[in-house]
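With chain A fixed as given, assemble chain B onto it according to the hints.
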Amino acid sequence: MTSMILSEQICNLDKVDNSNVKLAKAGDKTAFFALIDCHRMALYRVAKGLLESDLDAADAIQETIISAYTNIGKLRKDEFFKTWLIRILINECKKILRRSNNIVPLEKVNEQAVSDAYPSDDSTTGFINMLDLGLKQVTILYYYEDFSVKEIAIILNIFQGTVKSRLSRARRELSKLMGVKGVDKNEK
Amino acid sequence: MKSSFDGDHLKSSLKIPSVIPESINARIDDTLRNLEQKKKNRKLPKKTFMILVACITISSLSALAAFGQNLPILNSLVNFVNPSAAKNYETVKVAITDKKGKTIVNKKITDQGIALTVNDLSYDGATLIVGYNLSKPGGFGNDVTQIDTDLMPRFQSLKDGTPSGRGNQPSTQDSYLSKKDNGDYQGYASINFGDPDTKIRDDYTLSLAASNIGLNGPSGFKEVNGLWKIDTGLTEKDIYTAAQTTESNVVHEFKNGKVDSVKVIRSALSNIISFKGTDNIKQIPNLRLGFFILDDKGNCMNYRSLSMSSDINGDGGFKTGMSLLRIPNDTKKLTVIPYRYIFSKIDSDYEKLYKADLAKLPVSIKIQDQEINISAIERSSGKLIMHFTIIGLADDISYTSFGFEDKKGNKILPNEPWARIISPVDYETHQGTYEFRTDHPEEISKVTVYGHEYELMNDYKFDIEMK
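Just so you know, the sequences run in chain order A and B. The working numbering runs 26 ahead of the 1-based position in the first sequence. The working numbering runs 613 ahead of the 1-based position in the second sequence.
Warning: the hint list may mix true and false statements.
To be verified - Simulated DEER-style distance windows between Cβ atoms:
#1 103(A) / 773(B): 19 to 25 Å
#2 121(A) / 1053(B): 21 to 27 Å
#3 78(A) / 816(B): 52 to 58 Å
#4 868(B) / 185(A): 18 to 24 Å
#5 186(A) / 868(B): 24 to 30 Å
#6 105(A) / 860(B): 30 to 36 Å
#7 941(B) / 105(A): 42 to 48 Å
Hints in this document: simulated from the structure, not taken from any laboratory. Even glycine gets a Cβ: it sits at the ideal position worked out from N, Cα and C.
Okay, chain A solo, but in the shape it has when bound (with noise of 0.2 Å):
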């Protein structure tokens, strides 16, 4: 399997060169295998952050890359590769929070969450934790993976519009959160 610091390398050409994704889409093993390592952090820095365990963000990225492998001839656009993985990564997250109960209802970050569920060290990470699901998504994606508005609103399939009012709460929320607790009076 290529290395992780060749992958790197491989990755970076492949942002100009999508040769990669167009033979793996002709069914070359080795490029998909490729494509993968390119994208590792990227899936991993997801999950995690949707999903906080390991664990489960182990059996949310097996699946997106069985379901990336199996679908990867439907792909239309090999520069969206990147996107759709992530898209994939993501509903596969939802899966898992869905069959875990674990989903806090959109719009329903308020004053109960924030006195009782407060993370247990003073980073901005653990805050993101109490965010409804729809801001997560959305600041994951945005801080983590440097994805722009547009990219994320494909990702979602919601307006770029939604994608900006949701960081925008989200940092809110965050601000607001992180406030209580007295760890960044900056964000407020």
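Here is chain B on its own, set in the frame of chain A:
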């Protein structure tokens, strides 16, 4: 655009993972190493959450037995056993056995000591049937009871070897291999491309390639990796036997959209309908468009979605492919009813959770014009098996996923990740079984299922004359 949202302070305070834990890397590596096997194991789950170990279990083939002694039985443990497809395939096999529409190939390739022989091909533009066998000098041994492989078709240019876009994107694939007296495995692969909208080319030839062969037996599953590739030298046109195609370019408008063309493909290999059109309210992402297809007796024909594509950055164009139940020969017309529904299981309440009490059977769950009738349940150690039928307007009757609750409404949890085993609803009878493995089958009191209500566009329904 992005700058307006930069929260540098926020970002700097995030503990963004920069190292992938070894356990995650190990899982990814393992997944990649065993991709083919995991892909097969997942086929069932993917379609509905489920699993497969079962298929094998398939309480054994009792359901399959009902389909006849001569089923090219089937499938391996690692391959999704699709009784309905198998049943349909029996018809296919009979239809092509008379050699009409069958092109003899008889080409063989050997790797890793295993020979793959492609015997014959049948193709109607939407479905490709490959007759093939796998053999090994001295046989595969008594330790192997089932064999499976993924034969991937590729249509490539005679001129420069480049693949044709469509030929390499099968939508669904089922395979049927059975052991012969001489120890070889012989059978068929049925590959559907979903989108029947294709030009039959005479400048692209078909090659078939497999990169692994799965061997299953009492001692477990093994995979032999290699490369078995056969260039048939035959073009699409060489192997093509036209299906009966009904095509119409009459525009059918519906609320906020239109269908520009309708194609119905009927052959021994296919019963497919596809639409091309435009959806003018594409900007509402979760508002989905669908079509119910009814025969002239009012029976809903939707069986399984084969493909659906829409251009999210374009003009709202869409294209669908649907597998239908078998269309009776005396059918004069099909009626199409467009509908819309909101699809979002997580972020809204539009997809509802329906429940039924299992205390008294039979019981039914009504989801608008669809009815799921649960006729019986079997409880035994570690599992519950539910028998049901689906009738009425359903957009995809082949698979349905259920959940279970106790008397107090608490979810009954599965006892393993792959604890749901679904047999697809039968092609003809609409009967299905659902197996759920749990440590507490005796506590199961209610069954749940998610469903969406829809807006039926009865005022915009239209007919398709069958020729």
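So, going through the hints one by one against the coordinates:
1. Judged by the Cβ atoms, the range 19 to 25 Å given for residue 103(A) and residue 773(B) holds: they are separated by roughly 23 Å.
2. Against the hinted window of 21 to 27 Å, the Cβ-Cβ separation of residue 121(A) and residue 1053(B) comes to about 22 Å, which satisfies the hint.
3. Taking 52 to 58 Å as the suggested C-beta distance range, the pair residue 78(A) and residue 816(B) conforms, at roughly 54 Å.
4. Against the hinted window of 18 to 24 Å, the Cβ-Cβ separation of residue 868(B) and residue 185(A) comes to about 22 Å, which satisfies the hint.
5. Evaluation of the 24 to 30 Å hint for residue 186(A) and residue 868(B) yields a pass: the beta carbon distance comes to about 26 Å.
6. For residue 105(A) paired with residue 860(B), a C-beta distance near 33 Å keeps the hint of 30 to 36 Å intact.
7. A hinted range of 42 to 48 Å holds for the C-beta pair residue 941(B) and residue 105(A), which are about 46 Å apart.
Comparing the model with each earlier hint shows no violations; every hint is respected.
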